[in-house]
Amino acid sequence: MAAEVSSTRHLRHFDVSEELEEIRKALKAKPASRTMTDAGAAAKPKPLLKVRGTDFKIAKLENNVPTVVFRDIVKVNLDEDTVRSLRTQNRHISEGLDWDKERAKVCYRRQAQNHLECYPMLKVSTELYNRLIKASYVYVGLQRCPVWDQFPLIQCSRCSRFGHSKRYCKKVFDKCGHSGRAQSATPGAQRTPKCINCIKAGWEDTVHGTFSSECGARHKWNELARSKV
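Numbering-wise, our numbering puts 167 at position 141 of the sequence shown, and it's gapless, one number per residue.
To be clear, the hints were calculated from the coordinates, so they are not data collected in a lab. For glycine and all other residues, C-beta sits at the position ideal for the given N, C-alpha and C. There's no promise every hint is true.
Said to hold, decoys possible - Cut-off 30 Å, straight-line C-alpha distance, at most; resulting in silico cross-link-like pairs (DSSO-like, lysine-lysine): (1) K246 / K220; (2) K197 / K160; (3) K101 / K54; (4) K197 / K226.
What the hints assert, rightly or not - Simulated restraints on C-beta separations: (5) S238 / I159: 38 to 44 Å; (6) G189 / G167: 19 to 25 Å; (7) G228 / K127: 15 to 21 Å; (8) T114 / K197: 20 to 26 Å.
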């Protein structure tokens with residue numbers, strides 16, 4: 027359109043309307059820049075990501091929350107019954123807690139070996155998590171069930187490193203979790219435990235297995251896995 031308008035400049039001696047000049051000015055004019063304040067940016071609607079016809083809303087990433095597992099729960103117990111039992115049947119855990127601030131929600135259930143039982147996974151608040159792990163059991167209905175920590179840290183059983191599983195490990199030989207040597211080495215050649223992760227990290231205490239709960243490198247990676255995003 028701009029080319030057509032500019033090409034009509036030689037037609038000024040004809041009866042050309044004044045609107046032609048207004049159109050030229052409108053095409054050459056630049057829109058005025060508008061500064062948006064923080065309040066205006068927050069009130070602006072969130073954009074949508076369109077991938078193959080599907081719309082995804084951009085949501086704010088939530089902080090990580092601790093997760094625990096209730097073992098061997100009978101399936102007839104609903105998720106609401108499991109959460110309610112924490113308040114009503116477990117005074118050794120719920121005493122002194124402000125349930126208006128505490129959080130306990132069943133995320134999903136895992137199938138147990140017994141087809142009549144399941145393993146509910148619960149996201150709980152930090153204070154409730156500490157009490158559940160310290161008690162190590164809860165009462166749900168007529169059952170006394172063990173409470174396990176749903177450990178978010180992934181450690182490879184082949185190379186003993188953190189952050190990946192054996193399925194995605196690039197190493198060829200399995201390493202002993204006790205001595206850190208390759209499994210192809212002569213058995214019994216080194217009976218003293220040695221943690222290869224603590225040696226690599228430069229820790230002084232290395233006389234323990236790579237899967238030991240006393241491992242300093244394991245505690246460090248555990249804090250990173252549980253840290254807030």
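**Request:** Could you grab the alpha-carbon distance between K246 and K220 and see if it respects the 30 Å cut-off?
**Result:** 18 Å, holds
**Prompt:** Lying within 38 to 44 Å: is that true of the beta-carbon distance S238 to I159?
**Reply:** Violated - the Cβ-Cβ distance for S238 and I159, about 18 Å, lies outside 38 to 44 Å.
**Asked** How does the Cβ-Cβ distance of T114 and K197 compare with 20 to 26 Å: does it lie in that range?
**Response** Violated, at about 50 Å.
**Asked** Is the hinted pair K197 and K226 satisfied, with a Cα-Cα distance of at most 30 Å?
**Response** The hint holds at about 17 Å.
**Prompt:** Regarding the pair K101 and K54, is the alpha-carbon distance no greater than 30 Å?
**Reply:** 72 Å, violated
**Asked** CB of G189 to CB of G167, is that within 19 to 25 Å?
**Response** 39 Å, violated
**Asked** Honestly, do G228 and K127 meet the 15 to 21 Å range at C-beta?
**Response** 41 Å, violated
**Prompt:** Regarding the pair K197 and K160, is the alpha-carbon distance no greater than 30 Å?
**Reply:** Outside the cut-off at roughly 37 Å; violated.
The structure is inconsistent with the numbered hints 2, 3, 5, 6, 7 and 8, although it conforms to all the rest.
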